[in-house]
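> Sequence:
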Amino acid sequence: MESTIRNVEVFVRGVQTPVGSASPDVKCGAETDVSGQTVTVVKAVGSCRRVREALHFLYEEESEDGSPAVKVHVVLRGRHVEVHRRGEAEVDFVFEEGFAAEAFYKTPYMTIPMTVRTQEVRVSESDAEVRITLVYELFADKEKTADSVVEMRFCL
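So the sequence shown is numbered by this note's numbering: it starts at 5 and just counts up by one.
Wrong hints could be hidden among the right ones.
Below, computed lysine-lysine pairings styled on DSS-like, alpha-carbon distance capped at 27 Å [claimed, not checked]:
{"hint": "1", "residue 1": "75", "residue 2": "110"}
{"hint": "2", "residue 1": "75", "residue 2": "47"}
{"hint": "3", "residue 1": "110", "residue 2": "47"}
{"hint": "4", "residue 1": "110", "residue 2": "146"}
{"hint": "5", "residue 1": "110", "residue 2": "148"}
Cβ-Cβ distance ranges computed for the label pairs, FRET-style [said to hold, decoys possible]:
{"hint": "6", "residue 1": "113", "residue 2": "57", "range": "16 to 22 Å"}
{"hint": "7", "residue 1": "23", "residue 2": "53", "range": "34 to 40 Å"}
{"hint": "8", "residue 1": "82", "residue 2": "131", "range": "17 to 23 Å"}
{"hint": "9", "residue 1": "126", "residue 2": "13", "range": "28 to 34 Å"}
{"hint": "10", "residue 1": "72", "residue 2": "45", "range": "18 to 24 Å"}
{"hint": "11", "residue 1": "13", "residue 2": "124", "range": "20 to 26 Å"}
{"hint": "12", "residue 1": "149", "residue 2": "92", "range": "36 to 42 Å"}
{"hint": "13", "residue 1": "23", "residue 2": "100", "range": "18 to 24 Å"}
Just so you know, the hints here were simulated from the structure itself, not pulled from any lab data. No experiment lies behind these values; they were computed from the predicted model shown. Ideal Cβ positions, reconstructed from N, Cα and C, are used throughout, including at glycine.
Modelling step: build the complete structure from the supplied sequences, incorporating the hints.
Structure representation (structure tokens):
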């Protein structure tokens with residue numbers, strides 16, 4: 005059974021620590037870049053809809069360099085999370101604690117095989133918000149490139 009579409013405020017904070025750097029020490033709301041970490045912060049307005057047992061969040065990430073916005077579709081089923089990104093580059097990531105999932109990062113110039121090895125998925129839901137935290141290792145072409153933590157908050 006499908007529910008109505010609700011507007012949501014979207015806050016995403018991602019920290020990637022390249023191989024050989026210190027492990028990520030993530031504190032929600034901090035926007036500093038320390039120890040070689042790349043910190044990404046996204047604020048957007050989007051929509052949320054429940055379809056059967058899954059929550060679907062849709063939003064667009066605006067670019068500061070003027071390139072077209074990236075359309076993001078996050079699907080949450082229990083502690084299984086999918087992130088689908090569509091824009092100049094495309095990728096479909098699947099996060100499930102304790103599992104490794106293959107993905108293909110497609111650009112206009114090449115496709116890079118990637119693997120996401122999910123270490124932890126934390127989800128909390130209330131009437132006011134949904135929070136998702138993903139802790140994972142990222143591999144590109146079978147080489148580990150980073151330890152990553154992504155925190156997503158959808159305010160309903």
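> Check each numbered hint against the structure and report the violated ones by number, ascending.
Per hint list: 6, 9, 12 violated.
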